[in-house]
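Undergrad: Chain by chain, the residues run as shown.
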Amino acid sequence: MNEVSSIREKFSVEFVKEELLRTAYGNGDTFLARLDPRALIYWYLFFGIAPWFIHNKMILSGLLVFMVVTTVMARTSPLIIIILCTGLLGEIAFLFFISLFFGGGFESVLPMFWLTVKLAVISLASITVFSSMDPERFGDALLSMGLPSQVSFSIAFGYRTLPTLMEEFHQIFLSYRLRGKAPDSHGFLYWRSIVYFMKILVVSFYPLLLNGAKRSRTTVEALETKGFSYAATDSKVKKMKISYMSFKWSDYGFLTASFLYVVVVFWLGSVVQI
Amino acid sequence: MRSKPLIELENVTFTYPGVEVPVLTDVTLSINEGDFTAIIGGNGSGKSTLCKTFNGLIPQFYVGEFEGRVIANGLLAEDQTVAQLSKNIGYVYQDFDNQLLRPTVIDDVCFTPLNYGLQDHKERGEWALKVTGLEDLRDEFIWQLSGGQKHLLALAGALAMKPKILVIDEPIAQLDPQHAKRIYDILRNLNIEYGMTIIVIEHHTEFIANYCREVILMDKGRVLWKKTTKEALSRVAELMKHQIYPPQVTQAAQRLGIDMGKDDLYPTTLDEAITHFTQQAPSYKELRKHEPLHEEVKLRHQPIIQFQEVSLQYRTLKKTVKHALTDINISCYEGDLITLVGNNGAGKSSLIKLITGIMRPSQGDVLIQGINTRKATPEKLSDFVSYVYQKPEEMFIDDSVRKDIEYYLKARKVQDYEVLVEKLLEDFSLVDIQHQDGRLLSGGQQRRASLAIGAAMNPSIILLDEPTANLDIATKKHMVHMLNKLRKHVKLVIVATHDMQLVSEWANRVIVMNQGRIMCDGDKHTVFGNNVLMEQAGLVPPQILQLSQRLKMEVPCHTVEEFITIWDQEGANLERSIEYT
Amino acid sequence: MTKKKPYELTQSQKMMVFVLSMSLYGLSNMFTELLPSVKLGFLELSVEYFAFIPLTLCILFHPLYAAIGASLGEIIFGELMLGQFGGIGEVEKFITFSLGMYIAGILVRNPLNRMQVSVAVMSGLLVHHLLALMVDIGKVWVGVEELEAVPGLAESIVLIEGVAFLNDLLFSGILFALLPTLYLVPRLYGKIEPLLGMKPRNNKVQYSLGEIVTPKLVIVGVILAAIAVVAEFMSEADMNIAEWEFDFLGMFGDSFIWVVIGAAAFIASLTIWIMRRKAKDQKQIWGVHHEE
Numbered sequence: 001m002n003e004v005s006s007i008r009e010k011f012s013v014e015f016v017k018e019e020l021l022r023t024a025y026g027n028g029d030t031f032l033a034r035l036d037p038r039a040l041i042y043w044y045l046f047f048g049i050a051p052w053f054i055h056n057k058m059i060l061s062g063l064l065v066f067m068v069v070t071t072v073m074a075r076t077s078p079l080i081i082i083i084l085c086t087g088l089l090g091e092i093a094f095l096f097f098i099s100l101f102f103g104g105g106f107e108s109v110l111p112m113f114w115l116t117v118k119l120a121v122i123s124l125a126s127i128t129v130f131s132s133m134d135p136e137r138f139g140d141a142l143l144s145m146g147l148p149s150q151v152s153f154s155i156a157f158g159y160r161t162l163p164t165l166m167e168e169f170h171q172i173f174l175s176y177r178l179r180g181k182a183p184d185s186h187g188f189l190y191w192r193s194i195v196y197f198m199k200i201l202v203v204s205f206y207p208l209l210l211n212g213a214k215r216s217r218t219t220v221e222a223l224e225t226k227g228f229s230y231a232a233t234d235s236k237v238k239k240m241k242i243s244y245m246s247f248k249w250s251d252y253g254f255l256t257a258s259f260l261y262v263v264v265v266f267w268l269g270s271v272v273q274i
Numbered sequence: 001m002r003s004k005p006l007i008e009l010e011n012v013t014f015t016y017p018g019v020e021v022p023v024l025t026d027v028t029l030s031i032n033e034g035d036f037t038a039i040i041g042g043n044g045s046g047k048s049t050l051c052k053t054f055n056g057l058i059p060q061f062y063v064g065e066f067e068g069r070v071i072a073n074g075l076l077a078e079d080q081t082v083a084q085l086s087k088n089i090g091y092v093y094q095d096f097d098n099q100l101l102r103p104t105v106i107d108d109v110c111f112t113p114l115n116y117g118l119q120d121h122k123e124r125g126e127w128a129l130k131v132t133g134l135e136d137l138r139d140e141f142i143w144q145l146s147g148g149q150k151h152l153l154a155l156a157g158a159l160a161m162k163p164k165i166l167v168i169d170e171p172i173a174q175l176d177p178q179h180a181k182r183i184y185d186i187l188r189n190l191n192i193e194y195g196m197t198i199i200v201i202e203h204h205t206e207f208i209a210n211y212c213r214e215v216i217l218m219d220k221g222r223v224l225w226k227k228t229t230k231e232a233l234s235r236v237a238e239l240m241k242h243q244i245y246p247p248q249v250t251q252a253a254q255r256l257g258i259d260m261g262k263d264d265l266y267p268t269t270l271d272e273a274i275t276h277f278t279q280q281a282p283s284y285k286e287l288r289k290h291e292p293l294h295e296e297v298k299l300r301h302q303p304i305i306q307f308q309e310v311s312l313q314y315r316t317l318k319k320t321v322k323h324a325l326t327d328i329n330i331s332c333y334e335g336d337l338i339t340l341v342g343n344n345g346a347g348k349s350s351l352i353k354l355i356t357g358i359m360r361p362s363q364g365d366v367l368i369q370g371i372n373t374r375k376a377t378p379e380k381l382s383d384f385v386s387y388v389y390q391k392p393e394e395m396f397i398d399d400s401v402r403k404d405i406e407y408y409l410k411a412r413k414v415q416d417y418e419v420l421v422e423k424l425l426e427d428f429s430l431v432d433i434q435h436q437d438g439r440l441l442s443g444g445q446q447r448r449a450s451l452a453i454g455a456a457m458n459p460s461i462i463l464l465d466e467p468t469a470n471l472d473i474a475t476k477k478h479m480v481h482m483l484n485k486l487r488k489h490v491k492l493v494i495v496a497t498h499d500m501q502l503v504s505e506w507a508n509r510v511i512v513m514n515q516g517r518i519m520c521d522g523d524k525h526t527v528f529g530n531n532v533l534m535e536q537a538g539l540v541p542p543q544i545l546q547l548s549q550r551l552k553m554e555v556p557c558h559t560v561e562e563f564i565t566i567w568d569q570e571g572a573n574l575e576r577s578i579e580y581t
Numbered sequence: 001m002t003k004k005k006p007y008e009l010t011q012s013q014k015m016m017v018f019v020l021s022m023s024l025y026g027l028s029n030m031f032t033e034l035l036p037s038v039k040l041g042f043l044e045l046s047v048e049y050f051a052f053i054p055l056t057l058c059i060l061f062h063p064l065y066a067a068i069g070a071s072l073g074e075i076i077f078g079e080l081m082l083g084q085f086g087g088i089g090e091v092e093k094f095i096t097f098s099l100g101m102y103i104a105g106i107l108v109r110n111p112l113n114r115m116q117v118s119v120a121v122m123s124g125l126l127v128h129h130l131l132a133l134m135v136d137i138g139k140v141w142v143g144v145e146e147l148e149a150v151p152g153l154a155e156s157i158v159l160i161e162g163v164a165f166l167n168d169l170l171f172s173g174i175l176f177a178l179l180p181t182l183y184l185v186p187r188l189y190g191k192i193e194p195l196l197g198m199k200p201r202n203n204k205v206q207y208s209l210g211e212i213v214t215p216k217l218v219i220v221g222v223i224l225a226a227i228a229v230v231a232e233f234m235s236e237a238d239m240n241i242a243e244w245e246f247d248f249l250g251m252f253g254d255s256f257i258w259v260v261i262g263a264a265a266f267i268a269s270l271t272i273w274i275m276r277r278k279a280k281d282q283k284q285i286w287g288v289h290h291e292e
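As given, the protein sequences belong to chains A, B and C, one line each in that order. If you're matching positions, the first sequence starts at 1 in this note's numbering and goes up one per residue. If you're matching positions, the second sequence starts at 1 in this note's numbering and goes up one per residue. If you're matching positions, the third sequence starts at 1 in this note's numbering and goes up one per residue.
No lab work stands behind these hints: they were computed from the structure. Nothing here was measured: the structure is a model prediction, and the numbers come from that model. For every residue, glycine included, the Cβ atom is placed at its ideal position computed from N, Cα and C. Don't take each hint at face value.
Heads up, simulated SDA-like pairs for lysine to any residue below, C-alpha to C-alpha not over 20 Å straight-line [as the list claims (entries may be wrong)]: (1) C:139 x A:91; (2) A:181 x B:410; (3) C:199 x B:64; (4) C:199 x B:19; (5) B:403 x B:431; (6) B:220 x B:65; (7) B:322 x B:345; (8) A:199 x A:183.
Listed next, with one range per pair, are the computed distances between beta-carbon atoms [stated by the list, open to error]: (9) A:261 x C:119: 48 to 58 Å; (10) A:85 x B:380: 31 to 41 Å; (11) B:440 x A:45: 42 to 52 Å; (12) A:253 x B:144: 31 to 41 Å; (13) A:261 x C:163: 38 to 48 Å; (14) B:138 x C:119: 47 to 57 Å; (15) A:93 x B:515: 45 to 55 Å; (16) A:190 x B:440: 37 to 47 Å; (17) B:380 x A:53: 57 to 67 Å; (18) C:119 x A:253: 55 to 65 Å; (19) C:116 x B:414: 36 to 46 Å; (20) B:440 x C:116: 19 to 29 Å.
Let the hints inform the model, and build the full structure from the sequences given.
TA: Pasting the structure below:
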C-alpha cells in the first residue's frame with residue numbers, strides 16, 4: 001500500500017501540473033534566450049529543414065553534435081529530453097521487431113538509425129529554439145513576419161491562462177474523485193484504475209467547457225474594452241509592438257558562428273566517409 | 001453641482017433577446033465630473049447592466065433591444081465603438097481574473113495604452129503600477145500573484161489609460177480587510193489627486209460611508225434615487241427593504257434614535273458614531289462592570305481531526321522552498337464550529353486540503369477519525385469529509401442541481417437516496433431550481449446548491465472555503481441561516497473566511513492563522529479582544545464590536561442586536577443609579 | 001454587412017469560440033502529450049488526442065473558428081509551452097487537423113441527430129488521419145536513403161503506419177472522439193450558447209451556404225487530391241513495394257523532393273493567404289462597427 005501511494009504521489013495531477021508549469025515558465029536567462037527571436041527563427045529554418053535532404057552520415061553526425069551543444073546551452077527541462085528519447089528509441093526498437101517478421105534483421109535498423117539521427121537533429125533544433133524563446137517574443141516575431149495579430153495574442157494568452165485552466169481542471173477532477181468512488185481493486189495491470197481515471201479525465205471537460213465558455217466571454221469583452229480591436233485597425237500599433245526587437249552583435253555572432261560550423265561540417269563530410 | 005455631467009442617460013431601456021422583462025427600465029441619470037459614486041441595489045437589480053451602457057458594451061457587445069440615449073464624455077455612445085469609448089472609460093470587472101490577458105504584470109498593464117498606439121505606453125504602465133503599489137511585482141507572471149494583487153493589477157490596467165471615468169464592479173468582493181482598504185485608499189487618491197470620476201458597484205456600505213460622496217439606489221432595473229452618502233445611508237428602513245444593510249453603527253443609531261442633531265440623519269462611520277454615542281451617554285464610563293460572557297466548557301472526548309506536528313512545504317518554480325504550513329498541532333472535536341481566519345495566503349486553504357487528503361503533509365501526520373491521511377485515498381476520506389469549494393462552478397459536474405446532489409449517493413449506491421435528496425432540496429430551498437444547471441443560477445443559489453452537494457455526502461466533517469464571498473448582504477444572512485441548518489447534518493464544521501461578521505455570529509471556535517502558523521486558537525472573545533493579534537493577522541473586527549470597544553462598554557457586542565440590548569440595559573442601569581443617588 | 005442570415009456570429013462571438021476552443025483543446029493536449037501509452041504488440045493503445053473537444057465545438061458553433069482555434073491551441077500548449085514545437089512539421093498537422101475538424105463541423109446540420117453527428121465525427125477523423133498517414137510515410141521515404149535496399153523495412157513501415165492509422169481511427173477515434181462527442185453535444189446544445197451570449201445553432205434552418213463555399217471548395221480539392229495520391233500509392237505498393245520506391249526516384253530523381261516541398265509551400269501559402277484575407281475582413285468589421 002505504501003509503495004502504491006508513493007507512486008501515486010509521484011504521478012499525481014499535482015505533480016504533472018507542477019512539472020508542466022516548470023517546463024513552460026522555467027526558461028531562465030540563457031544566452032539563447034537573450035537573442036533576437038527572429039535570429040533564432042532564421043537559424044531554425046535551416047537546421048529544422050535541411051537535415052531532411054542530407055544523407056551524408058558525417059554531416060549528420062556533425063550537426064547532431066552541434067544540436068546537443070545548443071540544447072545544453074538552452075538548459076532544456078529533462079522531462080522534454082526524456083519524452084523525446086523514449087519516442088525516438090521506442091520507434092526504432094518497434095520497427096526492428098516488426099521487420100523481423102518480414103525477413104529483415106539488424107541491417108534494417110541501420111537506415112532507420114540514420115533517420116532517427118536526422119529526426120533527432122531536427123527535434124533538438126526546435127527544442128533549442130522554442131524552449132529558450134520567450135513566448136511573447138516568439139509571438140512578436142511572428143507578428144513582424146506578417147501573421148495576424150490574433151496569433152501572437154493567442155500565444156501570449158495561452159501562457160497567461162494555462163495555470164488558471166490547470167487549477168480549474170484540477171479542482172473539477174477532484175470534485176469527481178471526492179464525490180465518486182474509485183474501483184475497489186485495481187484490476188489486472190491496473191486496468192480498472194486506468195479506466196476510472198481516463199473516464200474522469202474525459203468527463204471533466206463537460207464542466208470545463210461550460211466554465212470555459214463563461215470565461216472566454218469575459219476575456220473577449222475585456223479585449224474589447226482594452227482596445228484590442230482598435231489596434232487591429234492601426235498599423236502604427238503593430239510597429240510599436242515589435243519596435244523593441246533589434247539585431248545585436250550577439251545575434252550576428254551566433255548566426256555567423258553557426259554558419260562557419262556548418263561550412264566546416266560540410267567540408268568534413270566531403271572528405272571523411274563513415 | 002459644481003461641474004458638468006460626464007455621463008448622461010436619457011430614458012434608457014434595455015431588454016435581452018428572448019426575455020420579456022427589461023433589465024433596465026426608463027433610466028434617466030447623470031453623473032458629474034469628479035464624483036465618487038456608489039451604485040447599490042439587490043442582486044439582479046441591473047447595476048452591472050447600467051454600467052455596461054457607459055462604454056457601449058450594451059448594446060454593442062450584448063445585443064438586445066435598446067432604447068434611449070447615452071452620452072458619455074460628451075459623445076453619443078451609439079455613434080462610437082466600444083473601443084473608442086473605452087479610451088476614456090476604464091472598466092474593472094467583478095471577474096477580475098479573466099480580464100488579465102497578458103503573461104506578465106508589466107505587459108498586462110501596458111497592454112491597453114499600447115493597443116491605442118500611445119507612444120508613452122511604458123510610462124503609463126509604470127505610473128499605474130506605482131499608483132497601485134505594484135512596482136515590485138512588475139516582472140512577475142500573472143499566475144504567481146495572489147488574489148488581492150490580481151485585483152490591484154486589474155485596476156492598474158484600467159488606470160494606465162488615465163481615463164476620465166473609472167467604473168469598478170464590486171472592487172473588494174473577495175479581499176481581506178487590509179487589501180480592501182488599500183483599494184479604496186487608492187480610489188480616493190485617484191479621485192482627489194487626479195480628478196478621476198469614480199463609480200463603484202458596492203455591497204459594503206461601511207466602505208461607501210467612508211469613501212463615496214453619492215449613492216444611487218437601483219431596484220428591478222430602475223434608478224430609484226441619487227442622494228449624498230449621508231442621506232442615502234440614513235434611510236435605514238428603505239435600504240433594508242431593498243436587501244441592503246446600512247453600516248452597523250447606522251443601524252444601531254437608527255434603532256436607538258441617536259441622530260446627528262438633524263432629523264433622519266444618522267452617524268454612518270465609526271468615528272461619527274463614537275462622537276454621537278458618547279454625547280448620548282456622558283457618564284458611561286462610570287457604569288458598573290460586567291463580567292465577560294464565557295461559553296460553556298464542552299465535554300471533549302475523542303478528537304475527530306488531529307494534526308500532529310504538521311508542516312507542509314513545496315518547491316516553487318524558482319526552486320525555492322515555500323513553507324505553506326509550519327508546526328501545526330490542533331485537535332477538533334464533535335460540535336466544533338470553527339472559523340479559520342487570516343489574510344490571503346495565511347495557509348487556510350492548505351490546512352483544509354490536508355484534511356481532505358488532496359494534499360499530504362511534508363512532515364507530521366493528519367488523522368481523520370483515527371485514519372492517517374497518508375494511508376488513504378481522497379475517495380476513501382470522502383466517506384467522512386466533504387469539501388465545499390470557494391468557487392461553486394467547480395462543484396457542478398453534472399447537468400442539474402438535483403443530479404449534482406445525487407452524484408455521490410449514486411456512485412456509492414446508497415439505498416433510498418431519493419429521500420435524502422428531497423430533504424436536502426427542501427432544507428436548502430432548492431426545490432424550484434432543482435432541474436436547472438448550477439452554473440446558470442445566481443450567486444446565492446449557487447452557494448446554496450454547493451452546500452447541499454456537500455451535505456449530501458453525509459459527512460461527519462464539512463469544510464467550507466469562503467462560503468459568503470461575493471454575496472450581497474441579504475443572501476449572506478440567508479447563508480448563515482443555512483450554515484446553522486448544517487449543524488444538524490454534521491459533527492464538525494470548519495469554515496475558512498474573511499467575513500468577521502460570520503465569525504461573530506456563527507462560530508464557537510476561531511483559529512487565527514498567519515504565514516502558515518497558528519497564532520491563536522480560542523473563541524471570538526479572546527480573538528477580537530486581542531488588538532495586537534488582530535493587527536498582526538490583518539483582521540478587522542465587525543464595526544459594531546469596534547464601537548462597543550471604543551465606547552469602553554465592558555461587554556463587547558458582536559451583533560447589532562446585542563449592542564441594542566446591552567445599551568438599553570446600561571441605560572436602565574444608569575437611570576437606576578441616578579435614582580439611588 | 002448583410003444582416004439576418006440564418007446563423008451568423010458577430011466577430012466577438014467568433015473570437016470567443018476561438019479562445020474557448022484554443023484554451024481547452026490546448027489544455028487537453030498537454031495531458032495527452034504526457035500520458036503513457038500502452039503497447040500490446042501491434043496495437044498501440046495510446047491516447048492520440050482528445051479530439052472530442054474541437055469536434056463538439058465545431059458541431060455546436062462556428063466550425064472554422066473552433067477548428068483553427070483547436071489547432072493553434074495544440075501548437076501553443078502541447079508544443080510550444082512544452083518546448084517541443086516541431087517547427088515546420090507542425091504546419092502539416094495544423095492543416096490536416098483543422099481540415100478534419102472543420103469537415104466534421106459542416107457536415108452536421110442538426111446537433112441533436114446522433115446519426116449525423118457520428119457520421120460527421122468519423123468523416124472528420126478519416127480525413128485527418130488519412131492525410132497524416134500520407135505525410136508520415138512520405139517523411140520516411142524522403143528521410144531514408146536506401147529504403148528499398150533493406151529487406152522488410154518498407155513493408156514494416158507501411159504496416160506500422162497502417163496499424164497506427166487504424167488504431168487512431170478505430171481505437172482512439174471511437175473511444176476519445178466519437179463517444180465523448182456523442183455524450184457532450186446533446187448535453188451542451190442549448191446550454192453553452194447562452195453563456196457566450198448567442199442563440200443555439202438552429203437545427204431546422206440550413207447553414208448559410210455563402211459562408212462556406214470558398215473554404216469548402218478548397219477542402220474538397222485537397223481531399224480529392226489526397227485520395228488520388230493514396231490510391232496511386234496503394235496500387236503501386238501492392239504490386240511491389242521495393243519497386244515503386246525505385247521507380248519514383250528513378251523517374252523524378254532527387255528533384256521529386258522539390259515537388260513535395262512545392263506542394264507543401266503551396267498549401268501553406270494558401271492558408272496564410274486565407275488567414276490574412278480573413279484578418280483584413282476582420283479589420284474592416286472592427287474598424288467600422290459590429291455586425292448586428
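Undergrad: Please go over all the hints and tell whether each is borne out by the structure.
TA: Do the hints match the structure? See the list:
1. Restraint check for residue 139 of chain C and residue 91 of chain A: satisfied, since their Cα atoms lie roughly 14 Å apart, inside the 20 Å limit.
2. With a C-alpha separation of about 10 Å, the suggested pair residue 181 of chain A and residue 410 of chain B falls inside the 20 Å cut-off, and the hint holds.
3. With a C-alpha separation of about 12 Å, the suggested pairing of residue 199 of chain C with residue 64 of chain B holds against the 20 Å cut-off.
4. Between residue 199 of chain C and residue 19 of chain B, the direct Cα distance comes to roughly 13 Å. Compliance with the 20 Å bound is thereby established for this hinted pair.
5. Note on residue 403 of chain B and residue 431 of chain B: the hinted pairing holds, with a Cα-Cα distance of about 13 Å set against a maximum of 20 Å.
6. Of the pairs offered as hints, the one joining residue 220 of chain B and residue 65 of chain B holds, with about 17 Å between alpha carbons and a cut-off of 20 Å not exceeded.
7. Under the criterion of a C-alpha separation no larger than 20 Å, the hint pairing residue 322 of chain B with residue 345 of chain B is consistent with the structure, at around 12 Å.
8. For the given pair, residue 199 of chain A sits about 12 Å from residue 183 of chain A by alpha-carbon distance, which is consistent with the 20 Å threshold.
9. Checking the proposed 48 to 58 Å range against residue 261 of chain A and residue 119 of chain C shows it holds: the Cβ atoms sit about 54 Å from each other.
10. Checked against the hint of 31 to 41 Å, the pair residue 85 of chain A and residue 380 of chain B passes, with Cβ atoms roughly 37 Å apart.
11. A hinted range of 42 to 52 Å holds for the C-beta pair residue 440 of chain B and residue 45 of chain A, which are about 49 Å apart.
12. Between residue 253 of chain A and residue 144 of chain B the C-beta distance comes to about 34 Å, which sits within the given range of 31 to 41 Å.
13. At roughly 40 Å, the beta-carbon separation of residue 261 of chain A and residue 163 of chain C lies within the given 38 to 48 Å, and the hint holds.
14. Remark: the range hint 47 to 57 Å for residue 138 of chain B to residue 119 of chain C is upheld by a beta-carbon distance near 54 Å.
15. At roughly 52 Å, the beta carbons of residue 93 of chain A and residue 515 of chain B sit within the given window of 45 to 55 Å.
16. Range check, residue 190 of chain A to residue 440 of chain B: Cβ separation about 38 Å, and the 37 to 47 Å hint holds.
17. Remark: the range hint 57 to 67 Å for residue 380 of chain B to residue 53 of chain A is upheld by a beta-carbon distance near 58 Å.
18. Remark: the range hint 55 to 65 Å for residue 119 of chain C to residue 253 of chain A is upheld by a beta-carbon distance near 58 Å.
19. At roughly 39 Å, the beta carbons of residue 116 of chain C and residue 414 of chain B sit within the given window of 36 to 46 Å.
20. Taking the beta carbon of each, residue 440 of chain B and residue 116 of chain C are about 27 Å apart, inside 19 to 29 Å as hinted.
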